[in-house]
Amino acid sequence: MRPMKRPPLKPMVQGDLDSLCGLYSAVNAIRWALGGNPPRLTAEDVFAIVVSRVECVADAGAALTEGIEPPHLFRALTHTLDVLRDHHGIDLIADLPFVGRRKATIEHVRAALAADLRGSGTAYLVVFWGRLDHWSVVRAVTPASFMLFDSAGFYRIPLDHCRLRGEARGDRSRLHVLDRRGIIRLRLREKTMEACASDGGAGAVTDVDVGG
Amino acid sequence: MMTWSHAFRPPPLRQGELDHLCGLYAIANGVRLLLGMLPTRIGTALLFQELVRLAGSEVDLQAALTHGIEAPDLWRIVKATAGSIARNRGVRIVADRPFPSRSRPSPDTLRREVAAGVRTEGAVYLVGLRGGFDHWTVVRRATPRALFLYDSGPLRRIDVDPEGRAIIDLDPGREYRFEGSHIFRLRLAHRMTSAVSSTPRRRSTTTPTEEAA
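Chains X and V, in that order, are what the protein sequence lines are. First residue of the first sequence? That's 8 in the numbering used here, and the numbers climb one at a time after it. First residue of the second sequence? That's 751 in the numbering used here, and the numbers climb one at a time after it.
In short, the hints are calculated from the structure, not lab data. Beta carbons: idealized from backbone N, C-alpha and C, even for Gly.
The calculated label-pair distances, taken between Cβ atoms and stated as ranges, are:
(1) GLU73(X) - PRO922(V): 34 to 44 Å
(2) PRO894(V) - ASP167(X): 49 to 59 Å
(3) ASP102(X) - PRO850(V): 52 to 62 Å
Please work from the sequences and hints to get the whole structure.
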């Protein structure tokens, strides 16, 4: 009998082994809310700020290999926003709109995100437990999907595959579980929006609102 | 009110674009390549966790994430990894630096070293590129005109042009140089033994400077 040919061993590419999706999502959410990199800062600068803030709230080695828990990412993000506001004049605010809303369902999440993301200057960091086990940025919501701005290349997640933690399980196709602590809203105060526009260096063309 | 165009937004940053983990990925890929055909396959995720643990005892992880790992630090992590695999998995990996630290081997010298090392001992090489890409990669084999990579990023090969210059296809306008301190060789101890016993040992053109198991 001929031995089965072994498939070639492919190299692991950066991102395959580390669990940095939370940190990348924080950077991507800031970029989405601002429409590009913060004025006079590179994405590397923002990443360095996020990493330094993570070290204040969690073990960097664990964050690298096991990922970051929602409370830790929220704290690291708020510390990052403090730095951006105090040192760079970027006034972004983060909150947890679903913490404490025990009766909320995935439909409530869909409706809230759709309303918030219709305008500009808002992004949602969302953790998808379950099949993906992944932090991402929701940039828009359609009737059927969360549209992502994602560090791993995911483009959309079907809404009917999602449920909130604690919500009735429903059918088995609900592969992605959203955590109320892991739905983080990031908003840009209007004053900063105008500053970014007058700076002209936010890294994006800024003439049309296509909303969500 | 200021409004933003989704259509013109830059694409999302992908994992690997901002962190500087290429050194740790190069070790992980080098070890995988080296052990790939053995029954004692190490779960790559566990290997990476071990690498991060070892790196954490050698360098500041925050600095490693945002600025990368310097060659002397990465060399210590390579040696620690070889020691860890020997202790925990019973597989002896010999890590050494085939060129003196202060040397600057030409691309053709490196190419010949890789060709001989791969042919006789199944060696893999971790190489730090200096130039447009400041990047650690794995060289898996060599031909008369190129070094073929096993890379954690987008690189596939380094061409050695007729003038002996090292050129990367993604960055064709720039010449890359190599430094002895940035070239690590990994070999399996048992393959070294069998290579010595089964083939006449080719005289090495290089001077091993440091070895760890």
